[in-house]
Amino acid sequence: MLLELEGIRKNFGGVQALKRGDLRAAAGEVHALIGENGAGKSTMMKIIAGMYQRDGGDVRWKGQSVHFQKPGDAHAVGISMVHQESLLAPHLTVAENIYLGRETLHGPLLHKAAMQSSASRLIEENNFPLQAHWKVRDLSPAQRQLVEICRALHGASSLIIFDEPTASLSESETVEVFRIVRELRQKGIGILYITHRLVELAEIADKVTVLRDGDTVYHGNYKDTSMDEIVHQMVGRKVERIYEREKLTPGKEVLKVDIPGAAFSIHEGEIVGVAGLMGAGRTELCQTLFGVTPSDEGEIRIEGRKVHPKSPREAVDAGIALITEDRQQTGLALELPIRMNITMANLGAVTKAGIVRQAEEKTVSERFRDKLQIRAASVEQNAGRLSGGNQQKVVIAKWLYRDTKIVLFDEPTRGIDVGAKAEVFALMDEMAREGKAILMVSSELPELLQVADRILVMRGGKITAELPRETTQEEIMHHAAVGN
Amino acid sequence: MRRDMLQKLLPFLSLIALFIALAIASPYFLTSVNLSSVVRQTAVINIMALGMTLVIVSGGIDLSVGAILAFSGVVGSMAMVAGESVWIGVAVGILCGLAWGALNGFLTVWLNIPPFIVTLGALGIARGLTLIISGGLPVSGLPRELTFLGDGTVFGVPFVLIVLLICAVVTHVVLHATKLGRYTYAIGSNKEAAVYAGIPVGPYTVAVYAISGLLTGLASMIETSRLMTGQPTAGQSYELQVIAAVVIGGGSLTGGEGSVVGTLIGAFIMGLLSNGSDLLGINPYLQQAIIGAIIILAVALDEARKRKFSTA
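For the record, the sequence lines run as chains A and B. With the first letter of the first sequence counted as 1, position 245 gets the number 245 in our numbering; the numbers rise by one all the way through. Take the position in the second sequence, starting the count at 1, then add 1000; the result is the number in our numbering.
Just so you know, the hints here were simulated from the structure itself, not pulled from any lab data. Glycine residues also receive a C-beta, built at the ideal position from the N, C-alpha and C atoms. There could be a bad hint or two in this list.
[Stated by the list, open to error] Pairs of lysine-lysine residues, derived as DSS-like cross-links and limited to a Cα-Cα distance of at most 30 Å, are as follows:
| hint | chain 1 | residue 1 | chain 2 | residue 2 |
| --- | --- | --- | --- | --- |
| 1 | A | LYS135 | B | LYS1179 |
| 2 | A | LYS462 | B | LYS1191 |
| 3 | B | LYS1179 | A | LYS46 |
[To be verified] Cβ-to-Cβ under 10 Å is the rule here; a few derived chain B residues that face chain A:
| hint | residue |
| --- | --- |
| 4 | LYS1179 |
| 5 | GLY1181 |
| 6 | ARG1182 |
| 7 | SER1189 |
| 8 | TYR1196 |
| 9 | ALA1197 |
| 10 | ILE1199 |
| 11 | LEU1253 |
| 12 | GLY1256 |
| 13 | GLY1276 |
| 14 | ASP1278 |
| 15 | GLY1281 |
| 16 | TYR1285 |
| 17 | GLU1303 |
[As the list claims (entries may be wrong)] Label pairs and their computed distance ranges (CB to CB):
| hint | chain 1 | residue 1 | chain 2 | residue 2 | range |
| --- | --- | --- | --- | --- | --- |
| 18 | B | PRO1114 | A | GLU470 | 30 to 36 Å |
| 19 | A | ASP403 | B | PRO1284 | 42 to 48 Å |
| 20 | A | ASP213 | B | LEU1240 | 51 to 57 Å |
| 21 | B | LEU1240 | A | GLU360 | 24 to 30 Å |
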């Protein structure tokens, strides 16, 4: 056995990212590591690569217990990692990036010629469409991935970890990555391959390990395992029902979208869910509707009227609000009080003769604080000092005050506790009852199943299925990860 | 691609154009007296700008260089007035600069404060300390030999030009042919990637600021030699000119870009602008405004080039 992990534990603050991580990887094998977002895959890989320190458990490399303190330690024994997000210096050349942190020296000076020629040789041997002197910033995402692979190959590795290498690649580039992975396996190198695209397993996997909520729940030979079994292991947790939503009879059609990859409509009083894996294009769909990245093709109709929002401003004027997935970055002005955050999208309503009437602003924001039960001593408290759930309520209050007909929620429960989640769901239900049309993007399948009237499933930038409220997690995962 | 090359060469072409324009506009411009005066005037800013190039390439900024120049000049002068030799005095000035630079780097890394804030604070501290130790008065009575540093010639060539060229060559080699230089680009280009490549980012960052400080210390002694007093108010707003020289020469304030050749061109453009304005009798107050406008123009052109490049 090349690498063995046993009972690895890792906490971040109060959160247990890994509870019992087990893994065994052999030379000349492709070992797929799969699991949903947040299952602990990346944490486990980063522990192997020496970027994180484990809190408990044992890591054995070729039978010896090891403890890597920094990325260099793992690299020294022959473990390298191909990162998901490109960890390259864009201003440097391909050769300079391959040698970054382990330059060949000639006295005090860099031995540029030696590095350049051996990088060229490495590229040639692998038939990569690269030149050693090209600047990395001019490369496509796929080519950058190849540079990462060169970095890994350069160290004469015996184990290479691929962290979702195909996440940003096209179909043909993905095939190319598979070819490279197979060649590496041929050379007797051990491969750990993290992915959440189950289709990829059939292409390359010899062994499969499934992580769920920080636990290794399954380990076996790929060919002895059915796809259904893997999906079941990935989502297998018991559904916690924290909220029951009564089914309403939808009213007239409010939003009708017909743009490339997405055709759907939402009626008054409806909550339509959007499921999909990371990178499936869910956030992008919201951003298109909200005018952040306008679509040139197709059309969007609101209550029968054609609209074409080219900026958030135009989208809001047309009656669309977006509650973004990252409230700290795009949802709130953290340094400003609750009062100013709530009136931010509708400041005109509290402005008379060009002057913002602070007294009226205060009344308005106190009304929303009481209605939404935002737990803050005063509306003068800074939004940044609130808990996640209360911050989310401030964002919702902002859009309630603006009173748009359509509200898009992107991951509305991210980073908030169970109690606050139920409150957010209750608010969404109330908005639906008032006749608003709601789109809810979520990675939490149980929550979608509890709140949404219908669920759209996205994969690779397109809506690939529309499922009824009575569907199951397995069904959604099947459409999100595998397709037909 | 050729268009991109042309735009990259823009600073150099501007320098040539400026040179020719001034040669035509003023008969006095091409005299050796005037040209050597341009070199002497520019040398101080130029040497400081070499250090600033490293800092900016690493994705940092140093606002304290003008204040460090005053501090190092005054302390170096006091050493000589107290009876130390010119050699010791100059060394003291250089070491003061080095110490301030290292302190800036150390605070940036250790306290994890943005360099803009650290060096803004250092600017205030260094200015204040300079005024305290000098009592607000110039330090005079410097040994006559010191004039050679700023005003001497070797075979008719201004000595400062030789010093500048040596510094430029060394900085160029450091930036392009040593680990330090490579890591400076890597840190400025993508700090996270540098960390993940196992590069000790902290010590290298300190080194970058220390080198900038060292060059500022050297510049302070040249300035002192030219004034023949240690001026506690020397170097006012030099940071503006120094940063401008780097940026005009293609340095990017987001890091990862910049070169010694570019910086030299940038500094000489500024030097010629100021010299030309003097020769043509342009109001010195207007000169300042022109320099400010040129900085904005240079960055705007550079941004336009980059945007075209990224969408191409």
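Check your understanding: Checking against the hints above, which ones are violated?
Key -> When the structure is compared with the hints, numbers 2, 11, 13, 14, 15, 16, 17, 18, 19, 21 turn out to be violated.
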